[in-house]
Amino acid sequence: MLGYISSTRKKSCRQCVKAKRRCDLGYPCCRRCFTKTLDCAYPNASVREAEVIIRQTTPDLVPPATTTTSSRSASTFEGGFGLDMDGIDIDPALFQQQHSSSGSSASGGTSEDAYDNNAWPIRLYLPPPRARSPTNSHSNSPSQSLKPQFSAPTYLNDAQVLFLVSGLRSFVPALAYNGHNAFIHSQLYPDAQQPSAYQDACALSALYMAKTKRNIPVLTKTIEAKVTALIATGHTWTLEEHLAAVQALIIYQSIRLFDPTLCLQEAAAPHNELLALWAAHLWKRSFNCPLPLTDCHASWVFYESLRRTVMISVFLRGAWSCITRGGLCDQVPVLARLPLTTDDRLWVEGKEAFETRTPCGRKAEVLVAYGDWSSKWKSGEHGDDPRGLGEFQRLLLVACKGKEDPRLFFKEDVSIG
Numbered sequence: 001m002l003g004y005i006s007s008t009r010k011k012s013c014r015q016c017v018k019a020k021r022r023c024d025l026g027y028p029c030c031r032r033c034f035t036k037t038l039d040c041a042y043p044n045a046s047v048r049e050a051e052v053i054i055r056q057t058t059p060d061l062v063p064p065a066t067t068t069t070s071s072r073s074a075s076t077f078e079g080g081f082g083l084d085m086d087g088i089d090i091d092p093a094l095f096q097q098q099h100s101s102s103g104s105s106a107s108g109g110t111s112e113d114a115y116d117n118n119a120w121p122i123r124l125y126l127p128p129p130r131a132r133s134p135t136n137s138h139s140n141s142p143s144q145s146l147k148p149q150f151s152a153p154t155y156l157n158d159a160q161v162l163f164l165v166s167g168l169r170s171f172v173p174a175l176a177y178n179g180h181n182a183f184i185h186s187q188l189y190p191d192a193q194q195p196s197a198y199q200d201a202c203a204l205s206a207l208y209m210a211k212t213k214r215n216i217p218v219l220t221k222t223i224e225a226k227v228t229a230l231i232a233t234g235h236t237w238t239l240e241e242h243l244a245a246v247q248a249l250i251i252y253q254s255i256r257l258f259d260p261t262l263c264l265q266e267a268a269a270p271h272n273e274l275l276a277l278w279a280a281h282l283w284k285r286s287f288n289c290p291l292p293l294t295d296c297h298a299s300w301v302f303y304e305s306l307r308r309t310v311m312i313s314v315f316l317r318g319a320w321s322c323i324t325r326g327g328l329c330d331q332v333p334v335l336a337r338l339p340l341t342t343d344d345r346l347w348v349e350g351k352e353a354f355e356t357r358t359p360c361g362r363k364a365e366v367l368v369a370y371g372d373w374s375s376k377w378k379s380g381e382h383g384d385d386p387r388g389l390g391e392f393q394r395l396l397l398v399a400c401k402g403k404e405d406p407r408l409f410f411k412e413d414v415s416i417g
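For the sequence shown, the positions run 1 to 417 when the UniProt record's numbering is used.
In case anyone wonders, no lab produced these hints; they're calculated from the structure.
This one's a predicted model, so the numbers in the text were calculated from it and none came from an experiment.
Don't take each hint at face value.
Think about it this way: if two alpha-carbon atoms lie no more than 25 Å apart in a straight line, the pair counts; the simulated DMTMM-like pairs of lysine to aspartate or glutamate are [said to hold, decoys possible]:
id, residue 1, residue 2
1, Lys213, Glu241
2, Lys351, Glu240
3, Lys376, Asp343
4, Lys411, Asp385
5, Lys378, Asp405
Using the sequences and the accompanying hints, generate a full structural model.
Put into structure tokens, the structure is as follows:
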């Protein structure tokens, strides 16, 4: 779930204090009050808008773990990086900071600029969703009115899956030819500050575009070596290097998973779990250890790239789920809660045009949950016009509205029927 993030120390809600229970400080209601349908209220609820992320609690699709020992062993990646992935579906929105009365950090003694793969606990299950019974709207308690709707996994048709896979694959040639794509901004990495993971991803994308039967072994072994190197150096990452590493892994997964001629799906599929974990930690770390950027445009470029990177990392796993599970996208509950910038023109505008529209001063207007944004799209002849959509937003809408609005598949104005 998206948790409450604040630079100040927030006190527990009144219900948890009264019951002498630990409060997870969720906003607008904590998990305990949500589960027990209590009226959740905080003594210091007034906070700055920039420090708040609305928490939307969606039940996880995996039932709580039992006390019995799992028969499945932990998945271990190269470089000694072990993950107990049994019975869990990693959700970037679930890796928010766990506060305690002692105020200790979840990352232990690690520095703010270093990323430790093994410093984060994995507690990812929530109670299974309960059946809803019809109730009188006037009798609902305040906490009941705060409960969000549940976004269930969805089956996509063949055209949607093909469009998603084609969109994910297109990020590779875009990076090779331009040095940027729909989730890596053209001004994200200045020439003097390019992380090595970004440079490696550009180089391997270029090599992939020049793929032949003779250089395929070089390509596959180099990607494998780069992934192993990322795993080995993860504990030294700054936030910027962490972002570049997740972006590089997305590129490597797009190459290996969606090109059957390489025959690398079996080796690449386990790294989807690694991608999920890195993206989840990146999401949390962006709040706990923000990058100190004073320039509005540079700050927006970095954090919009980060938001898009997390979104695409989940999209990639959803697309792979569609391929391997008969069209079922199991990442819908995660995707629906991730934030999205509504004004896609900000991504391609220069700094001067960007500053005239002051997105840094109106964050509440610019950002919206993906699920809320997509639900407002109007299909049909008299609906919204898809011609103004950028590459990124078109990809997102085809995934959830492609069945209802076939116009989304075409960049040009095409009459349907």
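So, going through the hints one by one against the coordinates:
no.: 1; hint: Lys213 <-> Glu241; result: violated (33 Å)
no.: 2; hint: Lys351 <-> Glu240; result: holds (21 Å)
no.: 3; hint: Lys376 <-> Asp343; result: holds (14 Å)
no.: 4; hint: Lys411 <-> Asp385; result: holds (11 Å)
no.: 5; hint: Lys378 <-> Asp405; result: holds (8 Å)
Checked against the numbered hints above, the structure violates only hint 1.
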